[in-house]
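Enquirer: Just so you know, the sequences run in chain order V, S and H. Residues 0 to 331 in numbering that gives the first Met the number 0 are what the first sequence lists, from first letter to last. Residues 0 to 331 in numbering that gives the first Met the number 0 are what the second sequence lists, from first letter to last. Residues 0 to 331 in numbering that gives the first Met the number 0 are what the third sequence lists, from first letter to last.
Misleading hints may appear alongside valid ones.
One copy or two, it doesn't matter: identical chains are merged, so the pair holds either way.
Distance condition first, Cα-Cα at most 30 Å in a straight line; then the derived DSS-like pairs of lysine-lysine [what the hints assert, rightly or not]:
1. Lys303 x Lys99
2. Lys182 x Lys99
3. Lys99 x Lys259
The set of hints was computed from the structure by calculation and includes no laboratory data.
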Amino acid sequence: MHHSALHTPSRIQLTPAGELRHFISIEGLSAGLLNHILDTAEGFLGKEGSILNAPLLEGRTVMNLFFEPSTRTRTTFEVAAKRLSANVLNIDMQQSSTKKGETLRDTLWNLEAMAADMFVIRHSASGAAHFMASEVCPNVAIINGGDGRHSHPTQGMLDMLTIRRHAHKAFADLSVAIIGDIKHSRVARSDIEALQTLGVRDIRVIAPRTLLPTGIEEFGVTVHENMDKGVEGCDVLIALRIQNERIGSPLLASSEEFYKLYGLTEARVERAAPNALVMHPGPMNRGVEIASSVADGPQSLILKQVNYGIAVRMAVLSLCMQGQLSQRGVTL
Amino acid sequence: MHHSALHTPSRIQLTPAGELRHFISIEGLSAGLLNHILDTAEGFLGKEGSILNAPLLEGRTVMNLFFEPSTRTRTTFEVAAKRLSANVLNIDMQQSSTKKGETLRDTLWNLEAMAADMFVIRHSASGAAHFMASEVCPNVAIINGGDGRHSHPTQGMLDMLTIRRHAHKAFADLSVAIIGDIKHSRVARSDIEALQTLGVRDIRVIAPRTLLPTGIEEFGVTVHENMDKGVEGCDVLIALRIQNERIGSPLLASSEEFYKLYGLTEARVERAAPNALVMHPGPMNRGVEIASSVADGPQSLILKQVNYGIAVRMAVLSLCMQGQLSQRGVTL
Amino acid sequence: MHHSALHTPSRIQLTPAGELRHFISIEGLSAGLLNHILDTAEGFLGKEGSILNAPLLEGRTVMNLFFEPSTRTRTTFEVAAKRLSANVLNIDMQQSSTKKGETLRDTLWNLEAMAADMFVIRHSASGAAHFMASEVCPNVAIINGGDGRHSHPTQGMLDMLTIRRHAHKAFADLSVAIIGDIKHSRVARSDIEALQTLGVRDIRVIAPRTLLPTGIEEFGVTVHENMDKGVEGCDVLIALRIQNERIGSPLLASSEEFYKLYGLTEARVERAAPNALVMHPGPMNRGVEIASSVADGPQSLILKQVNYGIAVRMAVLSLCMQGQLSQRGVTL
Chain V
0 MHHSALHTPS
10 RIQLTPAGEL
20 RHFISIEGLS
30 AGLLNHILDT
40 AEGFLGKEGS
50 ILNAPLLEGR
60 TVMNLFFEPS
70 TRTRTTFEVA
80 AKRLSANVLN
90 IDMQQSSTKK
100 GETLRDTLWN
110 LEAMAADMFV
120 IRHSASGAAH
130 FMASEVCPNV
140 AIINGGDGRH
150 SHPTQGMLDM
160 LTIRRHAHKA
170 FADLSVAIIG
180 DIKHSRVARS
190 DIEALQTLGV
200 RDIRVIAPRT
210 LLPTGIEEFG
220 VTVHENMDKG
230 VEGCDVLIAL
240 RIQNERIGSP
250 LLASSEEFYK
260 LYGLTEARVE
270 RAAPNALVMH
280 PGPMNRGVEI
290 ASSVADGPQS
300 LILKQVNYGI
310 AVRMAVLSLC
320 MQGQLSQRGV
330 TL
Chain S
0 MHHSALHTPS
10 RIQLTPAGEL
20 RHFISIEGLS
30 AGLLNHILDT
40 AEGFLGKEGS
50 ILNAPLLEGR
60 TVMNLFFEPS
70 TRTRTTFEVA
80 AKRLSANVLN
90 IDMQQSSTKK
100 GETLRDTLWN
110 LEAMAADMFV
120 IRHSASGAAH
130 FMASEVCPNV
140 AIINGGDGRH
150 SHPTQGMLDM
160 LTIRRHAHKA
170 FADLSVAIIG
180 DIKHSRVARS
190 DIEALQTLGV
200 RDIRVIAPRT
210 LLPTGIEEFG
220 VTVHENMDKG
230 VEGCDVLIAL
240 RIQNERIGSP
250 LLASSEEFYK
260 LYGLTEARVE
270 RAAPNALVMH
280 PGPMNRGVEI
290 ASSVADGPQS
300 LILKQVNYGI
310 AVRMAVLSLC
320 MQGQLSQRGV
330 TL
Chain H
0 MHHSALHTPS
10 RIQLTPAGEL
20 RHFISIEGLS
30 AGLLNHILDT
40 AEGFLGKEGS
50 ILNAPLLEGR
60 TVMNLFFEPS
70 TRTRTTFEVA
80 AKRLSANVLN
90 IDMQQSSTKK
100 GETLRDTLWN
110 LEAMAADMFV
120 IRHSASGAAH
130 FMASEVCPNV
140 AIINGGDGRH
150 SHPTQGMLDM
160 LTIRRHAHKA
170 FADLSVAIIG
180 DIKHSRVARS
190 DIEALQTLGV
200 RDIRVIAPRT
210 LLPTGIEEFG
220 VTVHENMDKG
230 VEGCDVLIAL
240 RIQNERIGSP
250 LLASSEEFYK
260 LYGLTEARVE
270 RAAPNALVMH
280 PGPMNRGVEI
290 ASSVADGPQS
300 LILKQVNYGI
310 AVRMAVLSLC
320 MQGQLSQRGV
330 TL
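In isolation and in its complexed conformation, chain V is listed as follows (with noise of 0.2 Å):
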């Protein structure tokens, strides 16, 4: 979560007009812009968890190119450019070219002139995105599906358009409260950044010292160790996903210790404001981060998380290409 010159806030994903043309990080998008997003996500939502298909993508050519291994995000992406008629294509990036002594470079530099309209990226780089974007496709949107630490921009969206459509109160109103391994997560950062341009002022973070990035207080968040004070009050209550690598390391003793410490048990949820929402990206571990009686209880939002990525990922897609296009002079 340092700031470097790969991770630098950027105009590089919208047009001269103020338009989306890649979606790599929510840093320095406007309230305005996000706002637009979850509309034309909403848009996309039918009735009773079905979701609504456009041909806003048919006939373009949407590739996945993953770099380290998600068959979650790659299975959301694919199933969003394809209820948009895209024609998708999975490129296992791990088995490619660049095996063959090919430069990355090269290898997107082929796959671009193929005629690829949009690339979705997971890698485990932070900044990846970023430097594909900037330096070797202009012409094709680049999407970020992940990136090392640095930032999982649609997951932040998907969780502001749950926050938006079940809290009872304006994003400045609110509560938050993000937990478990800030560190690591590329969740977080993407959900610090979202909440905080829509105006949401009490954010909080809840973690043991060893799974805080250094400098943290600088982004605008209160720290607690202490999860029973931190939850206090709070309207949206986000449990991280805990890497199984972690475990036992010098980071974090046992999962048993952490389950005591910060797991989000049914007693912690009602320290929170009452019918606070309940969330958290998935995979879950389930008592580990969160207790199997909270992640199934009324107050859990974490399946409909998942049905609205799909309209997210749609909107993102679609407003993407449509930035790419008036870019170019061209309407969709």
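Got chain V sorted already, so can you dock chains S and H onto it with the hints?
Expert: Coordinates of chains S and H only, in the frame set by chain V:
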């Protein structure tokens, strides 16, 4: 092939109005419904082995969830769903989030929340498809693409379509022999259920004692350990696949020995009725369960079975979608 | 590059009326037919690198059968087929039923029986595509996506399209140099066949003796071991890829040594004709067979080749489908 709670015939597959909404097992379905599936499938057959397309699943999302690898079955369902204009996603469940500690239930709930309409499931555990339809995903149509030793109902139905189109007798008057590894075969079980429902009275299973399930006689079939006697006068001869891993086990000394005693040779085909139908679910071990000359001979319908399999899967997918929608009060 | 029964030029690719119905090899095709493919491909080229869609394969089933991995070639065919509105299935033949003891012939017959219209085939054995078209699947159009050292005809055609669009002379007046590992290159063979058919008289191959096939002179080309002399006055320079596994073998001491003697450097490009075209089939080893400054320089058409490759594959797929149908007495 034991009866248990998981395998109990169930009304879960049908809407209150008796329409198909899941396709998990042939057990418990009526002859009328089986014939309706066959009639629907027949409507997709064009001339000279071509298959007719129909946009009955346009805009619908079908997910192929393969918990064990099966290129062939996955491909047939993918072809069938695409011919119905569905959006199809192949999801390798062996690589999915369950690897990250997520429960299977959560993984499936997540896929359901992505607004999936149908899951095609292949699983090594008997009862997996029934479990998913009853406990996990009530709003998604579940199509069983083979679960353990339990059931492979689309294979059963394509076998019935093959028999109905090529036998010159009504089902009630047919003698059908199923030959080989009955004990481990989900095809055998589905075939027997379908044949009985459609009225076949003379069903013979031909196998060494070691490859017969205990209690096989209770299924209303006659058992033959001597193949030359078993095939006598039969109208339909279905040779089952011998799994390579069984050969050399205590159950099965050698493939040569098996071929000598139970291989479907020209001589044995001659002992059956004139123009008896020769069938095999594939993939074949030539020279083990069937002679090459028989597999490629004039009585073989083995490739017709594959062709009809596309039409049968199109029928099952479109009928289940229709059932789901009519249950929700929507028309296709 | 030896002639054998498998490699014999064959009428199998054409219908009795002379239309293309398989695309296995450039050998034996007329200049008229090659130009018809190029004209058709050109019709799919839009402005600024865009590719036009055309629903010529709507409702058709194209199967990509990859017996050896090739993300790049698979992707180009998948993009091309989807731009023609085909249903496309990627089938990893290394994972298929042949693993279960099924013969390759049976596997292919099975895929054909699923009512496939076209197979795109990539195989490590020379002659594999021809074998499939002649012996196994006569009713499915076979498109060779590269077989062993034998042929890579769509690469040959996209190279011809690149030359035809960018050279300022007729084919008959061109000097073309092909540089590098001629011996193991299916691209070299397909390029030479196409260039000769289109009337190029001055074809030079530039390579160390160890990377030349025996009998190369019989192909009607001139051989140069000295690259500085070989490129003199050439209009087209095609650098071939050096397979990593050859480097350090008795055939090829080191990549530095190769670059010194046969690398396509700026100095060597200057010895060629002014504005000579620089081409490479990819993936490139920068600093081995080509200098980075040349690959990215103003004369490089390397990314154009990739772009034209989509159009050429669209042309080949649609023409072969048309040929199949006209053979069956149907119109597209």
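Enquirer: Hint by hint, note whether the structure agrees.
Expert: Here's how the hints hold up against the structure:
1. For the identical chains of this complex, Lys303 and Lys99 are inter-copy neighbours only, at 21 Å across copies versus 42 Å inside a copy, given an alpha-carbon limit of 30 Å.
2. With identical chains, the CA atoms of Lys182 and Lys99 are at most 30 Å apart between copies only, with a shortest distance of 19 Å across copies and 35 Å within one.
3. For the identical chains of this complex, Lys99 and Lys259 are inter-copy neighbours only, at 21 Å across copies versus 49 Å inside a copy, given an alpha-carbon limit of 30 Å.
Every hint, counting from the list given before, is met by this structure.
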